[in-house]
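*Asks:* Each chain, letter by letter, is given below.
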Amino acid sequence: MNKTGKIALYGVLTALAMILSYVESQIPAFVAVPGVKIGLTNIVVVTSLYMLGNKGAMAINFVRIAAVALLFGNAMSFSFSFAGGMLATIVMILLKKSGKFAVTGVSVAGGLCHNIGQILMAMVLLNTNSIFWYLPVLWASGIVSGFIIGIIGAMVISRIPLDENKF
Amino acid sequence: MGKKIIGKNDIYLIGILFGVLLLMTFTLLFTEKSGNEVVVTVGGEVVKTFPLDKDTVYEIKGAGGGRNLLVIENGEAYLKEASCPDHLCMSMGRIRRVGQCIICLPNMVTVEIVGEKQSEDDYDAIVG
Chain A
1 MNKTGKIALY GVLTALAMIL SYVESQIPAF VAVPGVKIGL TNIVVVTSLY MLGNKGAMAI
61 NFVRIAAVAL LFGNAMSFSF SFAGGMLATI VMILLKKSGK FAVTGVSVAG GLCHNIGQIL
121 MAMVLLNTNS IFWYLPVLWA SGIVSGFIIG IIGAMVISRI PLDENKF
Chain B
168 MGKKIIGKND IYLIGILFGV LLLMTFTLLF TEKSGNEVVV TVGGEVVKTF PLDKDTVYEI
228 KGAGGGRNLL VIENGEAYLK EASCPDHLCM SMGRIRRVGQ CIICLPNMVT VEIVGEKQSE
288 DDYDAIVG
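Protein sequences, first through last, are from chains A and B.
For the first sequence, the working numbering gives the first residue as 1, with consecutive numbering after it.
For the second sequence, the working numbering gives the first residue as 168, with consecutive numbering after it.
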């Protein structure tokens with residue numbers, strides 16, 4: 001694929017990730033703990049990690065976080081998404097590189113790290129340790145959502161006939 | 168490998184993560200204590216402290232002009248009203264145990280339950 005095609009594909013995927021972020025912000029929270037989310041956006045991140053490689057996934061996630069914060073959020077929401085999103089992406093890249101895990105395992109670790117990143121950021125921003133009380137809930141929700149997203153991601157990857165080597 | 172949905176290692180990983188979760192939950196449950204003080208902070212600064220056993224109503228002035236109404240009733244604290252858009256802090260329920268807290272991110276408000284001062288602190292104060 002040439003450079004133009006690559007730019008277009010990255011743009012489309014970033015847009016898709018942004019739309020999913022927005023859709024998810026419209027779903028009311030089911031548990032009264034901030035940060036419990038399905039993580040629809042991660043479908044795009046997991047899929048691009050396997051289809052476009054590490055740099056692609058990192059770039060799409062970073063642009064998505066920055067653009068969503070500019071459009072719908074503020075400095076606070078940016079710090080939270082950034083801490084969670086980047087930690088999750090880095091851990092997913094490392095696990096994928098280790099070659100020991102399939103899509104679901106990588107995604108579960110990503111979901112968990114996303115929540116851990118957000119808790120760490122909240123501890124720094126609010127200057128309190130007591131938010132740690134929510135860790136078990138966020139830990140569980142990270143595993144469950146990562147699992148669901150991993151299975152959806154794996155199905156998407158197996159149905160789209162693009163492979164990393166073409167890029 | 169990349170196309171596989173789930174493998175043996177993934178199941179082990181999920182199992183270990185759930186094990187850690189159980190361990191964490193039990194540790195928190197067994198170390199919990201009923202608290203006796205409510206500490207209100209805005210942006211990390213303590214603005215007010217209340218005894219948990221006295222019924223009180225207090226309006227917290229949060230960051231950016233936001234407001235939260237703190238109610239202490241029957242030894243439990245909760246936020247009754249809030250100016251933030253999502254009202255997550257109101258649905259966080261009532262808290263009474265040491266370490267539990269209610270957080271309103273838009274207003275940067277935290278309401279936390281603390282226990283009596285640890286005896287070690289007193290000891291340090293004497294020695295120091």
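I should point out that these hints are in silico values taken from the structure, not numbers from a laboratory.
Each hint should be verified, as a subset may be incorrect.
To be verified - Computed list of chain B residues with no C-beta within reach of chain A, every gap over 12 Å:
hint, residue
1, LYS171
2, ASP177
3, ASN203
4, LYS221
5, TYR225
6, SER250
7, ASP253
8, ARG264
9, GLN267
10, GLU279
Stated by the list, open to error - Covered stretches of chain B (chain A as the covering partner; in silico rule of three or more C-beta atoms under 8 Å from a C-beta of chain A):
hint, region
11, 178-190
12, 268-274
Note that the structure is predicted; figures quoted are calculated from it, not measured.
Ideal Cβ positions, reconstructed from N, Cα and C, are used throughout, including at glycine.
*Asks:* Now look at each hint and say whether the structure bears it out.
*Replies:* Do the hints match the structure? See the list:
Non-interface status of B/LYS171 relative to chain A is broken: a Cβ of that chain comes within 12 Å, the nearest being about 4 Å off. Under the 12 Å C-beta cut-off, the non-interface status given to B/ASP177 relative to chain A is violated; the minimum distance is some 3 Å. B/ASN203, annotated as away from the interface, keeps every beta carbon of chain A farther than 12 Å; the closest lies near 15 Å. Listed as outside the interface, B/LYS221 is consistent with that label: its C-beta sits roughly 21 Å from the nearest C-beta of chain A, beyond the 12 Å cut-off.
Against chain A, the non-interface label of B/TYR225 holds: every CB pair exceeds 12 Å, the least being about 19 Å. Its beta-carbon lying about 15 Å from the closest one in chain A, B/SER250 satisfies the requirement of being farther than 12 Å from that chain. Interface exclusion of B/ASP253 from chain A breaks down, the closest Cβ pair being 7 Å apart, not more than 12 Å. A Cβ of chain A approaches the Cβ of B/ARG264 within 12 Å, the least distance being about 9 Å, so the stated non-interface status is violated.
With a least beta-carbon separation of about 6 Å from chain A, B/GLN267 fails to lie farther than 12 Å from that chain, contradicting its non-interface assignment. Remark: the non-interface label on B/GLU279 conflicts with the geometry, its nearest Cβ contact in chain A lying 5 Å away (cut-off 12 Å). Coverage of the region 178-190 of chain B by chain A holds [criterion: at least 3 residues with CB-CB distance below 8 Å; count 6]. Only residues whose C-beta sits within less than 8 Å of a C-beta in chain A count toward coverage, and the region 268-274 of chain B has 4 of them, enough to reach three; the restraint holds.
Of the numbered hints stated above, those contradicted by the structure are hints 1, 2, 7, 8, 9, 10, listed in ascending order.
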